[in-house]
Amino acid sequence: MLDILSLLDISFFLLAALGALIGIIFGAIPGMTATMAVAVCLPLTYALGLHHGLALLLGLYVGGISGGMVPAVLLNIPGTPSSITTTFDGYPMAQRGEGERALRVSVVASVVGGLVSAAILFLFAPLLAEFSIKFSYVEKFLIILLALTVIASMSRNMLVGIFSGVIGIWLSLIGTYSISDGGNGKTRLMFDFLEPYLFEGFSLLPVLIGIFGIATILLEAEDGVKSGLSGKEIKIGKGGGFSFGIFKGRLTNLVRSSFIGTFVGMLPGVGGSAASVLAYTQEKNLSRDSSEMGKGAPQGLIASESANNALTGGALIPLLSLGIPGDSTTAVLIGAFTLQGIQVGPLFIPENADTWYVMMTALVFANVVMFFLMFYAIKHIAKVVLVPQYILYPIIVMMCVVGAYAINYGIMFDVWTLLIFGVLGYLIQKVGLEVAPLIIGFILGGQAEVYFVKSLESFGTYSIFFTKSPIAVVLWLLIAASVAFSVAMGLKSHVKRRLETSQ
Amino acid sequence: MSMPNVPKTLGASVLMVGMAFGSAAALAADGPLRGNVRVVIGSTSTGGDTYQNSSIVVDALAEKLDLNMKVDAVGASSAFRFLDRDPRGNTLMIFHDQSYLGYLYGVEGYDNIFEKYTIGPTVAINPGNAYLVPKDSPYENLDQIIAAVGDGEEVRVAIQPGGVSEIGFSALKNAIAIEHPGSEDNLVAVNTGSQADKNQQLFDDQADLINGTVQANEQYTRLPEDDQKAMRFVWLTARQSTIEEAPEEGLGQTSREQLLEYVEPNVTVTMGDENFTFDKEFFFLYNKDMDPAIVEQIDEALTEIYAEGEIQQVQKNSFFIPNFKPSDEAAEYLENKMSAYEGIIENIQ
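Chains as they are written, first to last, in the numbering used here: chain A, 1 to 503; chain B, 1001 to 1349.
Please keep in mind that the hints were generated in silico from the structure rather than gathered at the bench.
A portion of the hints provided could be inaccurate.
As the list claims (entries may be wrong) - Stretches of chain B that chain A covers, calculated by requiring three or more beta carbons in the stretch to come under 8 Å of a beta carbon on chain A:
{"no.": "1", "region": "1050-1060"}
{"no.": "2", "region": "1148-1162"}
{"no.": "3", "region": "1190-1204"}
{"no.": "4", "region": "1219-1226"}
Unchecked claim - List of simulated lysine-lysine pairs, PhoX-like, C-alpha gap at most 20 Å:
{"no.": "5", "chain 1": "A", "residue 1": "Lys134", "chain 2": "B", "residue 2": "Lys1135"}
{"no.": "6", "chain 1": "A", "residue 1": "Lys295", "chain 2": "A", "residue 2": "Lys134"}
{"no.": "7", "chain 1": "B", "residue 1": "Lys1229", "chain 2": "A", "residue 2": "Lys134"}
{"no.": "8", "chain 1": "B", "residue 1": "Lys1337", "chain 2": "B", "residue 2": "Lys1325"}
{"no.": "9", "chain 1": "B", "residue 1": "Lys1064", "chain 2": "B", "residue 2": "Lys1325"}
{"no.": "10", "chain 1": "B", "residue 1": "Lys1116", "chain 2": "B", "residue 2": "Lys1288"}
Fair warning: this is a prediction, and the values are worked out from it, not measured in the lab.
Using N, Cα and C, we set each Cβ at its ideal position, and we do this for glycine too.
Just chain B, with the same shape it has in the complex:
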């Protein structure tokens, strides 16, 4: 063998060894799901709750299934498109209630997920969806706001239109329509974008109430009242039972007990016969043509993971409330949830 061939031979053998190991790893997973799996999420932010929660779940799943899985923050419209293109199961999606709320609000790029996709398991709740006022606001609580709007006062609410950020606003408007018919138009939406924009509206005195989250706004609630940036929670949309499951120490310096002051029965927003609540839930979405065996495989793997109990701890540490429901149960549950909110949105139109 002549000398120049040595590197070539070496290269070839390294390549072959690599291929051998590569295929061995791929075969190690004996379920229908194999190869590399990409989990796209409906948010472009890697600093947000969707990415954070998806990472926790996907890491656990990758370990359990012995697969290479990666979360990609591609945003809603791209994520749906990627999912549409891949019936093999190598692209999965994780998103939250925005996926059907966007459809209910008629946002472009959103279809009825219950018709177009297979609904996978739910994995967790982010209990942090909140409404805040400036710390020196004349409104002590949500009841005062509802009463003021009923009396003809204009209250401006900064939200991001078309989804999770708007649903609480819609419910509030609906409640005012029920309690003070005809006054609901005094509750005005100020359409903004990011959390930064919503906060800024409050600092600029362009909004009286803003949508926010416990996670992003808790530190602002601890600023002294004379600080222009200081805020105060008036309402958390989560169910009381959800907040009760949060860690006792709460988040930052705000304990669970303090957070419970902003949910039922202390703060109520009526829907007529019952009160409105909204838990932001994360769940999987699959391509409709994906092999049902994969649906089952992921359900089983997650059932085992949640039975082991470790993931719950990780989720709670990050202020998520574990909420695993296998696919069938999740689909039915979410469809019911959607129809409840559909009623609210129709009422106020």
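Chain A on its own, in the form it takes in the complex:
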């Protein structure tokens, strides 16, 4: 144990803190992600050595995932894909002048999610890895399907919502069924002349920033130039209306969402955004008072942010106990090991106990630093909304364009994607379609296809989806419950509306 203490010098902690800070900045800038931050700093691990390098990278990872909440709440732009569900309640709160309160709730939820997942990682990693390999294509498809059921409960009008979701899935299928996923690599759903641009489909982040960020700006621009929020009351300073009392009665939500985040994180190939979407769905289905969710309820933020930070520990489980990255950021992180010639695989933890303890220390420390950095910086960050819109919006558009261009290392078509989806996002709201189901369909559609096709290829029969394993049966029950709940909720609000109109 003393050996490990000797590895933890002051520069180790400084690097983890620095990583968290830079990560937060990366996460907060639309179009820059935790994955990018880790990728940019990866070569530094050569100079820093493995342990110091890992401190920096884990700091970046935790910071990057957390930073995404800032633009999600204040500007309705998810800074990282896993913070879309944060926009659902965060932005309405910010519009009511409660941006600071929303951010504080998110930060607390984030640190809880991060620490819970770190604890699970530390205590149960090998055991959970064993469990995660019980999830074959079939179970992974069902997880995605379960996340997709959120579309039904999230829509204002169920039929329109489902229609929007289907459009989202359709958009996600443009491009190829990639050969690297075992597909045939042929392009589809496009004209021949588009092939050079759309070979790999629309990239996720430009679509996300376009449909949320650019569309929001267009909608605001339509209202004409205003000098900021001067007309509205803004609660800033003295905690902005935040107290830990908000978490009273929300403990179940907090813990459940942290577990969901960790769990989804540890399934390789099920993307990070599925974690926050699933946690959000479950809160919506299981809590007694979910009617305010989507209109600015702190419980939505708690679900979303605790789940997406819980991803960090979750995604490290398969990385460290199977040698398989759990998400796109840990896929980059694995480079830190290979560059140093360290094998990751099922024997990593027993054979590299020092590195394992060092990583845990860095992970927990980065979470704590992230909390203090953000919790106390929030009252300054929240002032972003005070900047007059005619100054703020052009800056955001510029940052979005730069981010979109940079995300795949300089593809101009990504900038066009951003603008196309910006306009599309504006138009679909004008014709009455719903954005949230559409984007969830877009994010999950590609994976749903791959796992569906692979299941059929492997097992050759549709019945396998029901008979594969007890896990599959449990997932079907959850899916059925989720759908039944949405239908019941839909009927209830329908009756309520009818009563109101008849009165």
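We have chain A; now place chain B onto it with these hints.
The following block gives chain B in isolation, referenced to the frame of chain A:
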């Protein structure tokens, strides 16, 4: 001078000093290659062998040429596109045999690299391409698998289609077609994606044999037999001479001597008159219109680097086998290699 101008003046002088130093650094490199050089690779993974090997080579090259060089993991189709766009030499590419195997397998986005690009020097081999079975598999070795398929048993092989992962499968199928004509269809490809997917197919009992690597799968081979995840090597596609150059301690806890059990002459896959082997080799690719002087400059720099002998040690420590061949030699060598594999792929179609 009024006060507000002070910061401005300071800023301007800092800028000028910066520019002066900047241009001095750019001029310091007196070869035809100058400025910032971006090396794109055909893989999107920064945890993979292409990134790792490219980093080693590019770091050494950047130091030798005194240039700012950076490796970008952009993936094959983007990398080819970036290379197409830049004849100045500020974008170079490093990739491996996938670059022509993708073309042979007819994968979209792959052209004949020997016609479309200038082939640069080879730098290293990754000797780790491997095939594995579950530890409790009924098949003791590759010969038993070939015999079983010949007897009409179906054997499922998890691969990623269209390249390096498939070539061993194709060769195996070809060997079965030669030794047991008509039975080759019993060797079935299970098309999957990443290494994680291939492993999962084995855990789920959806595959009997998987493609993997020594680096990614060695720890799995050391798990106890009753572990669902335990695997066993049956074949390394590398040449015997390649593995013989690996460090004696091998990788992880598997020594070179143990690895040699899975290559010729212990394991053979026939191509008719000779045996099939496959070494995954990394090499540079250049834009066809790039100044030939740059080709020469990089060849010379790498010749010096390899003559110094340090890079070989770094590569071996990371389980790569150094294999420097200057451009001309590399182009001829790789073209021959491609035509050998072209024969196999045509035979089994």
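Quick rundown of the hints versus the structure:
no.	hint	verdict
1	1050-1060	holds (count 4)
2	1148-1162	holds (count 3)
3	1190-1204	holds (count 13)
4	1219-1226	holds (count 4)
5	A:Lys134 to B:Lys1135	18 Å, holds
6	A:Lys295 to A:Lys134	38 Å, violated
7	B:Lys1229 to A:Lys134	11 Å, holds
8	B:Lys1337 to B:Lys1325	14 Å, holds
9	B:Lys1064 to B:Lys1325	18 Å, holds
10	B:Lys1116 to B:Lys1288	7 Å, holds
Consistency note: the structure conflicts with earlier hint 6 alone.
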